[in-house]
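Residues per chain, in single letters:
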Amino acid sequence: MKFSYFPGCSLKGLGRAYEESLLPVMKHLGVELVELDDWNCCGATAYMAVDEAKACVLAARNLALVERSGLNQVLAPCAACYLVLNKTKHYFHDYPSMKQTMDRALGAVGLRYRGDTPVRHPLDVLLNDVGLDAIRQRVVRPLKGLKVATYYGCQIVRPYATFDDPYNPTTMDRLIEALGATVVRYPLKTKCCGGSLTGTVPKAGIRMVYILLNEARKRGADCLATVCPLCQFNLDAYHAQVKAAYGPVTLPTVYFTQLMGLAFGLPERELGLQRAAIRFQWRPAVPAAPVPSPVPA
Amino acid sequence: MSTSSTETPPAGPPAAERLPQETAQTPAPKRSGPEPKIRIHRTIKYESDRTPGFGRDLMRVPGCEQLERCIQCGTCSGVCPLSIYMDHTPRQVMALTRGDFKREVLHSHTIWLCASCYACTVECPQEIRITDIMYELKQRAIHEGVYPRKFPIPVLAHEFNAMVRQNGRITEMVLVIRLFLKTSWLAALGNWRLGIDLLRTGRFSLRPERIRNRGDIARMFDAIDGSKGGSA
Chain P
1 MKFSYFPGCS LKGLGRAYEE SLLPVMKHLG VELVELDDWN CCGATAYMAV DEAKACVLAA
61 RNLALVERSG LNQVLAPCAA CYLVLNKTKH YFHDYPSMKQ TMDRALGAVG LRYRGDTPVR
121 HPLDVLLNDV GLDAIRQRVV RPLKGLKVAT YYGCQIVRPY ATFDDPYNPT TMDRLIEALG
181 ATVVRYPLKT KCCGGSLTGT VPKAGIRMVY ILLNEARKRG ADCLATVCPL CQFNLDAYHA
241 QVKAAYGPVT LPTVYFTQLM GLAFGLPERE LGLQRAAIRF QWRPAVPAAP VPSPVPA
Chain L
1 MSTSSTETPP AGPPAAERLP QETAQTPAPK RSGPEPKIRI HRTIKYESDR TPGFGRDLMR
61 VPGCEQLERC IQCGTCSGVC PLSIYMDHTP RQVMALTRGD FKREVLHSHT IWLCASCYAC
121 TVECPQEIRI TDIMYELKQR AIHEGVYPRK FPIPVLAHEF NAMVRQNGRI TEMVLVIRLF
181 LKTSWLAALG NWRLGIDLLR TGRFSLRPER IRNRGDIARM FDAIDGSKGG SA
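The listed protein sequences correspond, in order, to chains P and L.
Count the first sequence with our numbering and you get residues 1 to 297, in order.
Count the second sequence with our numbering and you get residues 1 to 232, in order.
Hints may be right or wrong, so weigh each one.
[Claimed, not checked] Calculated pairs, EDC-like style, for lysine to aspartate or glutamate (alpha carbon to alpha carbon, straight line, at most 16 Å): (1) Lys12/P <-> Glu35/P; (2) Lys12/P <-> Asp37/P; (3) Lys27/P <-> Asp129/P; (4) Lys2/P <-> Glu35/P; (5) Lys12/P <-> Glu209/L; (6) Lys191/P <-> Glu123/L.
The set of hints was computed from the structure by calculation and includes no laboratory data.
Since we're looking at a predicted model, the values are computed, not measured.
When you get a sec, could you build the whole thing from the sequences and use the hints?
Next comes the structure, spelled out in structure tokens:
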């Protein structure tokens, strides 16, 4: 199994713990990721919102580079990248005028986008290509007793969800259960975290963060598991502001890949857990079995 | 923030008499005497407040076509996590847009508070892509320069775009610092603890991320701007 890997800006910056945990976990499962050469910003929400044509052109350059690389699928772990790359693909097929714009822009730099590369999310690949059985076989340190609120956020399930339900997604729930942990009922799993509003309009953004943290705590969760670098940042980094406005709610937020790494017995230091402001600590009740060698790619 | 619907009750002629001029860009005439104690808003719209063709023109943009089918059910306002802070709910923005109330819509906070969560888009029974319509309205507000000065969201968009054009990638910490410099120093100081957390956890990086073929981005943008008649 081999994918072109599009990390995006966040996974090299504030969300680097996501990349740090994703790469060893995928390698451990025999999924080979080849970082896309010379990838650029996907366009992201900030660009999409102010110049849709340019955002699509930015995304199209990446998709054209994937096609040129000879790999036939691209893995986009960041929720915003996943959305924008998929949206661009839809626009390319649905709107002749957008296709023309993309063709012209890419032509200026000697690239061409054909429009047929599937854009995949790690949850999709893990459940549908790797499979839960293969994942269960790798678990040497079951997360028994750990209660997890699975938080999907907005942009991987809306509006271009292809592998999960936009109202009640369950892929991450099933994955976390396969690791031995307990998934608590968390109806806010697809509510918005506030996005960039935590920085730009804190009054609104911090309230949204508070609601998500408080609801997870009320339901007995030990941590929140996310799939998005911005969700992780918002839920992790603004505890002081939440405390000032609403009282203390302390709950760590981890990437689902970090929980996978722990269950696979990979060293904590290599999973980026030390990068969270609210440190997640888990002492297993069950002693770890020896770690088997990775599946050959 | 919005001045279009704010009347200045004590001075000047009654509202109905000066409507055609009072609507759009004309600022309220300078008044002498004390400020009125309460701000009175006109709560109905007049035909003369419209910019005919605005809605129709917007519905030609890819992604915005379905607006025509809006049944004003209010599902979008109900699911929107931010509608409690908005001056016009998403449902009202849809109606105002379709009804050509350009000035009202472009001055509304709503378009800036939208966090792009797509809840409205997924729930809309008429399959209207409300998030995409909000995007189009933001773009038009930026083009016309009608947003509050130093308001962080358009500033963020501007800085983001400039950085992408130059480097091809975003260096998040540099972006955040530029945003604070151009909007509010005080807000930056208020977040000192966040900065320390980021330093402590090794996420505070100012090293610029760049692509190799940096000219590519500018060349691509110029190729599409050229065909639009040189608009930025």
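Holds or violated: Lys191/P with Glu123/L, Cα cutoff 16 Å? Roughly 13 Å between the alpha carbons, so the hint for Lys191/P and Glu123/L holds.
Lys2/P and Glu35/P: Cα distance at most 16 Å? 11 Å, holds
Agreement of Lys12/P and Glu35/P with the hint, judged by alpha carbon distance not exceeding 16 Å: Between Lys12/P and Glu35/P the Cα gap is close to 12 Å, so the pair holds against 16 Å.
Pair hint Lys12/P and Glu209/L, alpha-carbon separation not exceeding 16 Å: 9 Å, holds
Is Lys27/P close enough to Asp129/P, meaning Cα to Cα at most 16 Å? Holds, because 14 Å separates the two Cα atoms, which is no more than 16 Å.
With the threshold set at 16 Å, check whether the alpha-carbon distance from Lys12/P to Asp37/P stays at or below it. 14 Å, holds
Hint compliance for this structure: no hint is broken.
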